[in-house]
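Chemist: For reference, the chains in residue letters:
Number of protein chains: 2
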Amino acid sequence: MRLTEAAALALATRLLEEHGAPRDHAVLQARVLVTADMKGHPSHGLRRLPRLVERIKRGLVDPQMKGTQRWRADAVMEVEGSSGFGPVVAMAAIERLAPHIPDLGIGLVVVRNANHLGMLAHYVEAIAAMGFVGIALSSTESLVHPFGGTRAMLGTNPVAIAVPTAAEPLVLDLATSLVPMGRIHHHAATGRPLAEGWARDAEGHPTTDPVRAKAGAIAPFGDAKGYGLGIAMELLVAALAGSALAPDVRGTLDSHFPCNKGDVFILIEPSLAPGLPARLSAYLDAVRASPPAEAGAPVLVPGDRARRRRAAASRDGFDIDQRLWEDLNALSSSRVLAFEGLRS
Amino acid sequence: MRLTEAAALALATRLLEEHGAPRDHAVLQARVLVTADMKGHPSHGLRRLPRLVERIKRGLVDPQMKGTQRWRADAVMEVEGSSGFGPVVAMAAIERLAPHIPDLGIGLVVVRNANHLGMLAHYVEAIAAMGFVGIALSSTESLVHPFGGTRAMLGTNPVAIAVPTAAEPLVLDLATSLVPMGRIHHHAATGRPLAEGWARDAEGHPTTDPVRAKAGAIAPFGDAKGYGLGIAMELLVAALAGSALAPDVRGTLDSHFPCNKGDVFILIEPSLAPGLPARLSAYLDAVRASPPAEAGAPVLVPGDRARRRRAAASRDGFDIDQRLWEDLNALSSSRVLAFEGLRS
Numbered sequence: 001m002r003l004t005e006a007a008a009l010a011l012a013t014r015l016l017e018e019h020g021a022p023r024d025h026a027v028l029q030a031r032v033l034v035t036a037d038m039k040g041h042p043s044h045g046l047r048r049l050p051r052l053v054e055r056i057k058r059g060l061v062d063p064q065m066k067g068t069q070r071w072r073a074d075a076v077m078e079v080e081g082s083s084g085f086g087p088v089v090a091m092a093a094i095e096r097l098a099p100h101i102p103d104l105g106i107g108l109v110v111v112r113n114a115n116h117l118g119m120l121a122h123y124v125e126a127i128a129a130m131g132f133v134g135i136a137l138s139s140t141e142s143l144v145h146p147f148g149g150t151r152a153m154l155g156t157n158p159v160a161i162a163v164p165t166a167a168e169p170l171v172l173d174l175a176t177s178l179v180p181m182g183r184i185h186h187h188a189a190t191g192r193p194l195a196e197g198w199a200r201d202a203e204g205h206p207t208t209d210p211v212r213a214k215a216g217a218i219a220p221f222g223d224a225k226g227y228g229l230g231i232a233m234e235l236l237v238a239a240l241a242g243s244a245l246a247p248d249v250r251g252t253l254d255s256h257f258p259c260n261k262g263d264v265f266i267l268i269e270p271s272l273a274p275g276l277p278a279r280l281s282a283y284l285d286a287v288r289a290s291p292p293a294e295a296g297a298p299v300l301v302p303g304d305r306a307r308r309r310r311a312a313a314s315r316d317g318f319d320i321d322q323r324l325w326e327d328l329n330a331l332s333s334s335r336v337l338a339f340e341g342l343r344s
Numbered sequence: 001m002r003l004t005e006a007a008a009l010a011l012a013t014r015l016l017e018e019h020g021a022p023r024d025h026a027v028l029q030a031r032v033l034v035t036a037d038m039k040g041h042p043s044h045g046l047r048r049l050p051r052l053v054e055r056i057k058r059g060l061v062d063p064q065m066k067g068t069q070r071w072r073a074d075a076v077m078e079v080e081g082s083s084g085f086g087p088v089v090a091m092a093a094i095e096r097l098a099p100h101i102p103d104l105g106i107g108l109v110v111v112r113n114a115n116h117l118g119m120l121a122h123y124v125e126a127i128a129a130m131g132f133v134g135i136a137l138s139s140t141e142s143l144v145h146p147f148g149g150t151r152a153m154l155g156t157n158p159v160a161i162a163v164p165t166a167a168e169p170l171v172l173d174l175a176t177s178l179v180p181m182g183r184i185h186h187h188a189a190t191g192r193p194l195a196e197g198w199a200r201d202a203e204g205h206p207t208t209d210p211v212r213a214k215a216g217a218i219a220p221f222g223d224a225k226g227y228g229l230g231i232a233m234e235l236l237v238a239a240l241a242g243s244a245l246a247p248d249v250r251g252t253l254d255s256h257f258p259c260n261k262g263d264v265f266i267l268i269e270p271s272l273a274p275g276l277p278a279r280l281s282a283y284l285d286a287v288r289a290s291p292p293a294e295a296g297a298p299v300l301v302p303g304d305r306a307r308r309r310r311a312a313a314s315r316d317g318f319d320i321d322q323r324l325w326e327d328l329n330a331l332s333s334s335r336v337l338a339f340e341g342l343r344s
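Going down the list, the protein sequences come from chains A and B.
The first sequence begins at 1 in our numbering and counts up by one.
The second sequence begins at 1 in our numbering and counts up by one.
Chain A on its own, in the form it takes in the complex:
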């Protein structure tokens, strides 16, 4: 079924408020989830809302918390997340650090014990909108096997980078796994086999059976290099945030454990060299205009596709699983109309 942005935001916000979230916390958490759906990443969208509500009910998420911030050093804000919403804790710290960036030039936020951030693009886009370069990292449960290995030892360890330009920023947001665990689950739900090389089962054997893969491990992207990057991110986050390593991480995918992963955000003021922002956007335009490998499939810059999808979803609405919508409405005290706010 088709849903409008306004309807999705209204339902998600109301549901979170009904479960104890202050309005501004509910609005931000809803925004992060709905934007993921609009960008075409339902695994990080409203599909996560029922579990979030369940976690609130069980006391694993405290929707009131903003996190306890302390300056660990002149340019480092360390945050105890106190089981708050991931987006609320992260954005509060980023907004506290940001006014200092013109003086410092570079600054770091590290967060422990906050809940799932959703898509990291949200944070680096916000940082880029302030005029800064943004880097975001987060750790997860063990889901990825090492290159040359067979057991899940690494998180999917996403990394996001945004660089402001004179036009749209470059926005990179990728997991260091070959495919998202959400896609494995989707194949399992729809009974489609996996491609060769995507995953191994719980015994470490290669498998194309998504049900067996769910209990096993996903391959890292890009062979040895992607694995190297993933494990470097794993260590970076734990070393900077002092948070758990993948085999000990809980709470981003379950309704049973407090969330103990770590989040890292770096904010940097770009060089003030004259004409630099225009030089960056001209370069990106040259890349987009360079000859494509397939006629009619122009070269893209990271962020282009998500930006286009989001704009289309904002204009035309976006598709959502009907059962999910029913489930969400069932969790709320009153029904939201799916076409609320849709321009026709």
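Warning: the hint list may mix true and false statements.
Just some of the chain B residues that point at chain A, by a computed CB distance under 7 angstroms [as the list claims (entries may be wrong)]:
no., residue
1, 42
2, 76
3, 106
4, 150
5, 167
6, 194
7, 195
Just so you know, these hints were derived from the structure itself, not from any lab.
For each residue, glycine too, the CB sits at the ideal point set by N, CA and C.
Here the structure of chain A is known, so what remains is to put chain B in place on it, guided by the hints.
Modeler: Positioned in the frame of chain A, the structure of chain B alone reads:
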């Protein structure tokens, strides 16, 4: 032929001193080149020395320069490299920033107009030895085509990360190209075809002919994700250092132009959480001990192989192309014996 570490360092240092480098500059530049050979990366080793000497003779490298440093912000050291040796300019700035890291928590060095850094691992290893997390980035000439594109628009944009632990640090050092341009040249020199998918020719057509590939473009590693990472690094370096973008970069591979790429180094003090360094090394040991995909081929952590090769080369010497050794000796006023310092 086999060469000792001592002989390699002696010849490279002498050669650089004979061409105007102060002793400490010559020692550092020689160390960076020789270590690359010892780690099994001859493309970044002594093979680069004849061109470096040629660049000195032509005034494109000024071996006296340490770079002009200025604090761009409280935590940012900006350096005009003034055509100095890459390693000399970079390490001088890193060593100036490092004593401030315990107070700042995080700091940034950006360098413009210094010469080729060699392997980035050198810098992050040095930063990790100080007890800090290190990140190093550098830009290069256009050699890599976009995912879905056909023309060289990106540099090979290497990234290095080191994280100190209670044992050896994790040391990642990778280029965001599928293979190094050095390997394409090696295939060309030895007449071996390239693997499918590695490269395109100057017209943008896929090719397995290394001679045609030399004039074309290498594929990014890891398809769309590796491309995304590479172009994010491209923009990051230019945005932070204010340096040239790949299509305008010159001077890391030629003997005709001043070097105008940029270098970025980030130094971060890890969390002081009790027991953290031991937790990090225990995790890496668990990854190494996890079941391998092929019996007898244990899982490696980034840095393991290079560390092992370097130790073996230090003990047993290492192989070098005989003609390169003759060429290097011919450039020097006196001959170095290849077995100088070899323990037997």
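Chemist: Going through the numbered hints above, which ones does this structure break? Give me the numbers in ascending order.
Modeler: As far as the earlier hints go, 1, 5, 6 and 7 are violated by this structure, in ascending order.
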